[in-house]
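Protein chains in written order, with this note's numbering: chain A, 1 to 353; chain B, 1 to 101; chain C, 1 to 509; chain D, 1 to 168; chain E, 1 to 553.
Mixed in with the good hints there might be a few duds.
Said to hold, decoys possible - Partial selection, computed: residues in chain E whose CB lies under 10 Å from chain C: (1) Trp77; (2) Pro81; (3) Leu121; (4) Val124; (5) Leu151; (6) Leu178; (7) Ile186; (8) Arg445.
As the list claims (entries may be wrong) - Anything over 10 Å on all C-beta distances counts as not near chain B; from chain C, calculated: (9) Ala24; (10) Gly268; (11) Asn323; (12) Phe424; (13) Leu477.
Said to hold, decoys possible - Below 27 Å or equal to it, Euclidean Cα-Cα: the simulated BS3-like pairs (lysine-lysine) are: (14) C/Lys35 with D/Lys166; (15) A/Lys70 with A/Lys17; (16) D/Lys166 with A/Lys148; (17) C/Lys356 with D/Lys166; (18) D/Lys113 with A/Lys332; (19) D/Lys113 with C/Lys203; (20) E/Lys307 with E/Lys36; (21) C/Lys356 with C/Lys35; (22) E/Lys36 with E/Lys116.
These aren't lab readings, by the way, just hints derived from the structure by calculation.
These numbers come from a predicted model, not from an experiment.
The beta carbon of each residue, even a glycine, is placed where N, CA and C say it ideally should be.
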Amino acid sequence: MSHLTHFEVFLLFTILKIVVVLVITLTAVAYTVLLERKVLGRLQNRWGPSRVGPFGLLQPLVDGLKLFLKEDMMPLAVERPLFILAPIIALSCALISIAVVPFGAPTMVDGVDIFEIANVNIGLLVILGVTSIGVYGIALSGWSSNNKYSLFGSLRATAQVISYELALGLSLVGVVLRAGSLDLRTIVNSQAAHGALSWNIFGGFQFVAFFIYLMAAYAETNRSPFDLSEAESELVAGYHTEYSSMKFAMFFMAEYANMITVACVATLLFFGGASSPFGHIFDHFATGLVLSGIISVLWFVAKVFAFLLLYIWVRGTLPRFRYDQLMSFGWKFLLPVAMLNILATALALSYHS
Amino acid sequence: MAVPIAFYLILAAILFSIGIAAFLIKRNIITIFMSIELMLNAVNLTFVAFSHMWHQVSGQIFVFFVMVVAAAEAAVGLAIIISLFRVRQTLDVDQINLLKD
Amino acid sequence: MSTNLLAVLPELILTLTGVLVMLAEPLIAPGRTRKPLGWLAILGTLASALAAFYQLHIVNAHGPVTGFYATIQVDAFSIFFHLLIASIVLVTLLASLDYFEQGAVTHAGEYFALVCFGATGMMFMTCSVELLMVFIGLEISSISTYILSGFRKGRATASESAIKYFLLGSFATAFFLYGIALCFGATGSTSIAAIAAGLAVTKTPLLGWLAVAMVLIGLGFKVSAAPFHVWTPDVYQGAPAPVVGLMSTAPKAAAFAVLLRFLFNGTGLYHSHWILLIEILAVASMTIGNLGALLQTDVKRLLAYSSVAQAGYLLVAFSSTRNEAFGAACFYTAAYAAMNVGAFVVLTQLSGFDEKLRSIDDYTGLALQRPVLSALLGFFLLSLIGIPFTGGFFAKFYSFSAAVHGGHTWLAIVGLANSGVACFYYLRLLAALYSRPLAEQPNSPTRRIALPAAIALAATAAATLGLGILPNHVLHLVQRATPQNLPTASAPQLSANPPQEAWMDAKTR
Amino acid sequence: MQIALFIIFGLLAVAGALNLLFQRHPINSALSLVVVMMSLAVLYWSLGAEFLAAAQVIVYAGAIMVLFVFVVMLLNAGEEDRTHGSKIAYIAGIPGAAATFCLLSFVFLSERKQLGSTEIGGYLTNAVSNITEISHTLFTSLLLPFEVTSILILVAILGAVVLARKEL
Amino acid sequence: MNFDPIILTLIILTPLVGAVLLALLPEDATASNGSKRHAIGALVVTLFTLLLTLHLPAHFNYTAAPHTFQFEQNLPWITNPAIRYHLGVDGLSMWLIVLAAFLAPLGVLASWNTIKTRTKLFFVLFLLQQVAMLGIFVALDLFLYYGFWELSLVPMTLLIATFGRTENRRRAAIKFFLYAFIPSAILLVGIIWLYSLTGTFDLPILQALAASHHIAAPPTALLLCSLAFLIAFAVKVPIFPLHGWLQDAVAEAPTAAVMVLAGKLGLYSILRFSFGIFPDQSRHVAPLLIALGAIGIAYGALIALIKTDLKKLAAFSTLSHVSFVVLGIFTFTILGLDGGVFQILNESLIGAAFFILLGLLYERYGTYDMRDYGGLATRHPWMVTMFVVTVLAAAGLPILNGFVGEFLILSGSMQSLAAHHILWTVIGTTGVIFGASYLLWMIQRIFYGSLGARPDEVSGWDLCAREHLELWPLAALFLIMGVASPLWMRAIDTYGAPTANAPTQSSVATQNLLPPPQTASQTASIAPPSLSSQLETRSSALKSPAAAPQEAR
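Bound-form chain A, shown alone (with noise of 0.2 Å):
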């Protein structure tokens, strides 16, 4: 590739990086939907798809596939261009904010570090950034629909999702105080001197951060126990009611890939990201750049699933909150708590230093 200018092999490598993890994504978000749906029958005391490949590993394909052939209803009296963009904006806000994740331990290849499409020294601020842009694929949703159950869905996910990002926000402080940063890379390495011990959860004590991160995150993904903006008891499915076809596979990939970037975040944040939980104790067997790499990238998917297996499992155990306790919690609990902790992380590192 030595015909090739620096800046070209730059274009390349990202927009292979993007198609790769682009592809990932997708293929996650559709093994994660199978996967709740067997956790979660699993849970029930049931069996979960199992009809379709063996396991009913091909569920999510033929699930695909059928969502994509279905007719594409629009009804009469949507606003038709709002109608349309707004699961684009849900989904494509979804996905970006990938793109600042860094799923493996930094590895250059041609001066291009593989396991990151984007460095930013900003990266936290991306992530907040782009999934706050989101809410506009459900409020939008909800309200060119021109259907009553669906605006009081995305009124309540907006205002949901509004009131909790301020939450989320600042349990993130916590984080961003001890790295001293907003790079994410910069906030893995600095938990990952002593494996878990070093954790921002454990050696950072920042376990009261990371439930307010959790109960937030849970929110602004609008997930049970907050799923209030679709719930089918009281507003038929909320703000995707009158969608159907690859438009509700568009907020349905949303969803769960927003799920992916919540665990994606919490991993970095809270759990070391792509670094290994025993440290550097067992450093000595991967060697290779690659092999170091890969079981970098290895460590981070399996946070990952966990964290995918925790939001399937609060599915499965936990009952829908009301929307005024929705609120309550998220305004007076979560919030003052969040700020006793910054307050209390900003005290004990002033004290150490």
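Based on these hints, arrange chains B, C, D and E on the given structure of chain A.
For chains B, C, D and E alone, coordinates are given in the frame of chain A:
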């Protein structure tokens, strides 16, 4: 290729002027409010451009504060709009005309 | 006490008071009177005024104090405005203690807190020498007044007043900000001292001029100088009377303080340029304000236009030399505050929470039923007209003579002509008050004025009279208070140009 | 790259602003404004203000404008009517805005040489990163405004609660 | 104890304190026919004031040199602008003060029964009016004077607005106020302009400066400034074309207020300030003023002839009378000036008596329309006597006071024929004849002939004791002043009026040759020794304010 600072400033001026025009022309209170936000954004761009020019970070900090203030203003403004709508059931400025001689 | 703490002491006390009021609010059962909160706020304001006196003591002994990396500068000028604002707030709070008892307002606690916070913002405006700080202070004061003006919720006029104030106020803020941005562009700093230094060497003077114009537009809105006064009548009409008393004086005083500091200390170099704009503003305000007031039948609207005109008279003072302009403008602010707050306190007392009395005709013969209040209102109106030996007279006198000394005799003449026109509409109200109604009503039992309101009235009347009889002391104080730019801790950008070389270095990095 | 970014996103911003002006439904205007803000975020980034770019997206596009959209949806605001008032406003507004623009751009163009030009990323003083420098300034020389902003926010919260709360 | 330095302050303060006390005194709600306690209070206060003022003629130095003031009190008050609390009287003002204080209790008595409601408000305002009037007469600082001048407007406006007779009162009040206020704003401009030139508001200093032509300004500007003064005073007098407010105000105002409405304030101000500070300029416009005065005499009398409303008739009669004074003083002869000053006193007394009498009629019959009256002489013999005495005094019957004034004025006007056309004297003299005719005709229509439109309502109630008390002192004064005028002239002569005979020190032309003085102190050094020493003493306490702004710059 380098872009003259003046271009950024003119872009900001365009946005600011459109904001003024929208403030005067739009008839929906919320949209009027939005045009104010547009004007603030134009100012922010000016600040950032000058901050770049002077290599002074204080311009960026000013923008940061403008954002905070804009958020506070949005909260209050929208609350006022809601309380107004509760009483009047309209958002049209031409119908918000009880206060006249 | 550390310098920083000393520098923000009055503001700090007011903020704490506001917070305390908010914290104490839930302790009072719903439906119970919120007066204790009001008293708490009053005590806090008093404490803040005392703190300002303490500052004065320090400043007298050791000279001006800067704090927080020279973002604020406590000098006699700022202390004067601190005291003025504290007094206005004090009077407003006293007058509104009972006001909120009359109506079914459940947010009296929040009202008191908001007044305290708003006053904090205004105080910060007057002592900041960093435009960012000015901006924050301005926003605190503006936002709290937006809210306060819509405080009689459920009344269409209240919300309407609030939204109009809010929209036009924010619009003005955008201009103000643009002005600051251009200042920053011309000098590379937003600190007033640095701007003054930077403008002397800037290579982009046009930006500086534009900046001054934009800031003038923005602050022109805030002080309701014509042609940026359009919000004033509507807002004053719809807002609760005590709040109008507050917002027609305190934020304006603060805005004028900013204007003084910015124009004379910051962009004094461009005096010859902005003086033209000031002249236009002054003439337009006086003329439009007075002509507008002539056509009004609603008393609050009338006073709104009158306040536009008063802003014009005040701006006349700016056309003079530095020291004199400061003296005259500060004196005017104080006198205007005394008489205008007084007038609105009387309106509050006469008209009650529901504001039964709206048009001038509603006031016919009121002097016969409420003699004391009417006499006071008459006195304040006379002061607004500018009868000698009231505060209003000397305010105008100093302002106009400042203009004459500054070589703008024609401005003083326009001002005088306007004062003549102005007495038409003040008199209409005054004559209505004192003319016997067509049908002699039976003597209705005179409502007693509550003690706090009586104190407020006595204070404003005494201040108006005092400024009229002994203007010297105040004038000396304010003339002494003319602030100087102190050298800032962070050295201002003194280069003529953006640092191109450094930038080149950076590029090659 | 700088010029490409500037042209693309500058045009996008102007288009968004114009769309805000010409759209009659508030929600469309709001979305146009979001477009403007996002474009500006890119421009900020190109001028070396990464932190602001992110803040622009998070605060402006992600919070403030969402609030706008939320209120539009909540109040179910419809399209605005063409009224007599709007005609007057057209007559007054367009020339006023045009005059402002002409004045501003005249000044900027005439000072163009003095103002210099930009380079992508732009560098501030030799600080490690934009955020470090911002936070350093923020917590030293501009500490007071930062602290006082809390009062501002307190006031805003207080006001929003007072005004928007339904009376029983 | 020597009261001299503080007597003037006491004179002003007494009614002021009285007003405050009355304001604090609660209204007597139980009294059926209106509360009397405020009336009694006001009477006590005004009588006490009168007593204090009598100190002045008793201790007055009748041999004092012209241009000197007695009973002076000169304290620094405000340094920027240099306002001093400077009071003092001379021959011009001394009797006016006594007169004003003398009329006040009569005014209270005249309002005894007519003001039934809001007595408190009425008497408080009345006393405030008294304060303002006395203040005008004693103030020697231009600014202080202006303050009292403006203050005099307010209670009067309120009195008219509140106690006006008809529905027209609000309009009349506003009209009165505007007519008085706008010119006085011009006056203020003049005062301030003068201040900016000389750096002082102090009248004696200004007079000295003016007399020695040390006011550095172009002649035109000085003339304009003098006109600003003159216009303000002329409206207050009122001089002929500026009398628009008089008719309405007189028609509306209650008797006690009307008694002080016109005449003496404006005329005194012209004599004191226009003549004092602008002797040359005043002389310059004298022909015009003489003409206006003469026209005013005739015009007022002629209009009075055709008026049937008594109040309006009285208004025009007042116009006619004050025009007489204008005619007199602008002749700039000793005779004319003395006569003018004397006539001010006369006019006030006669006017007061006249209005009191009209008030009595109104009190009984509730109308001012002359056509409703007739043949009252038989029912009210005392009243008709008083009416006739007053009318004769007004018409200038020898041995009554009016004669002295009119005679002096007309002869003064004859003396100064060089300065103006004889026609004006002739017209003025004709006015006297008209004056006599409408007054006598009025007597004839009211008191003689058949009973008027409502004969059945004619009451047999002649003057009661209180009314006698009001009128007899006046009637007695008419006579005393008529036969013993030197008693008054003695004091008036000490008023150093600028007469045509007095040598003018330099002409306007030479004035320009003088180096323009910059400050008061500088002026003092240029001025002749005697003057400069005087200035030195006066300005010793002054911090030459004209220089102050320059320092500030």
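| query | Hint by hint, which ones does the structure fall short of? | reply | 8, 15, 18, 20
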